[in-house]
Amino acid sequence: MKDKILIRMGDGERVTLSADEIKEDIRAGTQDAARRGRIPEMTAPEQEQLFEIMADPSRVVGVSPGEEVIVTDDGCSMSFYSGQDGGGVGVPMSRMQAILTYERACGADTTSMGHSDYSYKPVKPIINYEMNEYYNISMMTTAPFFYGAQPNLGLYYRPDGPCPNPAELLPAGKIKEARAAQEEACEHLKKDLVFVGKKLAGVGCEGLNFDTCGSAGDADFLAALLALRELRQEVPQMPIIMGSSGEFVIGMHGEVTFDGRRLAGMYPHEQVKVVEAAGACIYGMAVNTNTSESTAWNLARAVTFCKAAVEAADIPVHVNVGMGVGGVPMMEQPPVDSVSRVSKSLVQIGKADGL
Amino acid sequence: MSEKIFAAAAEAIEQGDADRAAQIAEQGLSQGINGMELLTKGFVAGINKVGDLFGEGRLFLPELMMSATAMQKVTDIINATFPAGKREARGRVLLGTVEGDLHDIGKTIVAALFKANGFEVKDLGRDVPAKRFIEEAEAFGAHIIGSSALLTTTMVVQKELEQELKKAGLKDKYKTMVGGAPVTQRWAGRIGADAYAEDAGEGVRKAMEMIKK
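Chains P and G supply the protein sequences, listed in that same order. For the first sequence, my numbering begins at 1 and goes up steadily by one. For the second sequence, my numbering begins at 1 and goes up steadily by one.
Since the hints were derived computationally from the structure, they do not count as laboratory data. Some hints could be false.
Which residues of chain P face chain G? A few of them, derived with a C-beta cut under 8 Å, are [what the hints assert, rightly or not]: (1) D85; (2) R179; (3) F248; (4) M252; (5) S292; (6) G324.
C-beta: ideal position from N, C-alpha, C; glycine also.
Turn these sequences into a full structure, and let the hints guide you.
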């Protein structure tokens with residue numbers, strides 16, 4: 001083994017570290033996750049296994065045959081036609097062409113489409129257009145074809161929406177008012193999620209993705225859970241994925257509950273239980289990447305959280321391995337050396353059901 | 001006796017109880033405890049713990065805001081006991097989220113902690129162009145300009161701010177601090193910022209060090 005091993009920092013910068021430094025980062029990373037989530041650390045053999053994956057001299061690594069998992073699409077086809085600011089490559093092609101190219105040329109397990117804003121609220125006024133587009137494309141696809149977007153509660157606050165803005169109320173000490181505004185916005189968001197979900201179910205939607213739930217706090221997460229439960233009753237045939245936005249639910253409100261459980265501060269092994277209770281078919285977990293730490297440190301954390309969530313779950317857990325989450329560096333085009341190491345580690349050590 | 005007061009002070013801040021914190025500040029001062037010591041060993045210890053718990057998802061934004069409000073109240077009480085020449089805030093800090101970026105929750109928390117630690121803060125909000133940072137810093141008489149960016153596509157405005165400061169011949173007049181999810185110490189070094197802070201607590205600590213210099 002070489003004295004110096006090439007890895008990356010959380011912002012993608014290439015660095016070389018010694019074997020001892022990487023092992024220390026792995027130890028510190030798993031300890032950090034265990035302390036925060038109050039979950040077990042990775043065992044010594046698991047830490048050694050992660051080190052071997054990090055130290056592999058190959059640029060790209062992968063799991064052994066038979067260990068492959070499903071990859072649920074998270075807007076990959078958008079990367080064809082969106083510009084650099086959207087993390088895309090700006091190829092001039094239609095949505096249908098991009099989705100079919102992704103499915104047929106890239107061998108995708110699942111495909112998806114979404115509105116370019118990627119929030120549910122702007123989909124509402126153009127739902128008939130989206131239904132038509134979804135239907136036409138679904139006639140051409142073979143792999144499961146999802147419709148995805150983010151709940152994005154922030155769009156319901158002034159100046160973008162009807163509710164008072166908690167980001168203005170909280171610093172002014174108006175905590176009661178800020179909480180009331182979030183509860184009001186939560187209700188609007190839930191209605192929109194149900195509306196869009198039911199409409200898409202009407203054209204045979206093969207799966208709905210509530211992506212990056214909780215990005216605007218615990219009330220955002222709650223709206224997705226409530227909508228999920230209602231859709232499960234109304235359109236039970238439509239599978240729904242619910243993914244989180246970070247390793248814990250941010251307590252912007254701090255007191256909202258689902259089935260009597262406070263959502264703020266929930267870590268993945270706790271999130272998966274409420275997502276499951278609401279009726280999701282897949283839980284998508286996210287772990288924040290720290291840009292100042294190495295990928296070894298970040299990945300050790302992600303694997304530790306993943307293991308605990310998978311052990312707690314009764315539904316499949318698919319880990320988000322996009323830019324800046326799951327141990328993947330925060331880069332517009334995540335490097336394949338890191339992404340493949342993240343994928344292999346989460347599947348082999350974290351026992352993730354999918355990515 | 002002092003230790004008991006320090007512990008009570010920290011606890012009042014952790015509980016976000018502004019009235020209780022103010023009462024403890026008055027009590028400590030009346031017992032002859034040095035104001036600065038009361039602040040740093042008692043109240044600041046409390047707000048630091050609040051910051052740590054918030055970072056771990058064990059305490060939430062409303063509680064953080066209540067603690068910050070309590071901290072500001074006791075800072076005002078203790079500050080008022082210092083001689084006029086020493087009464088000025090620890091320093092003036094101008095904060096904002098850079099142009100093109102609408103994420104300002106984290107920056108709002110940073111502003112609250114700075115205020116809680118005795119800094120005079122002007123928060124420009126979000127979507128702030130580089131040139132406006134400079135205009136406002138001049139008008140405010142800032143010591144530190146802090147810029148936040150949550151996106152890889154907007155962090156370049158932090159570099160633009162450094163360039164604009166140099167162009168205006170003002171680079172040495174202000175200390176600059178950068179923060180935000182994609183921002184790192186290496187980025188700060190590369191663009192010429194004076195400091196990088198990973199979170200609100202580190203921002204306060206580094207600002208204190210820079211002000212001392």
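Hint-by-hint comparison with the structure:
no.: 1; hint: D85; verdict: 5 Å, holds
no.: 2; hint: R179; verdict: 7 Å, holds
no.: 3; hint: F248; verdict: 3 Å, holds
no.: 4; hint: M252; verdict: 5 Å, holds
no.: 5; hint: S292; verdict: 5 Å, holds
no.: 6; hint: G324; verdict: 7 Å, holds
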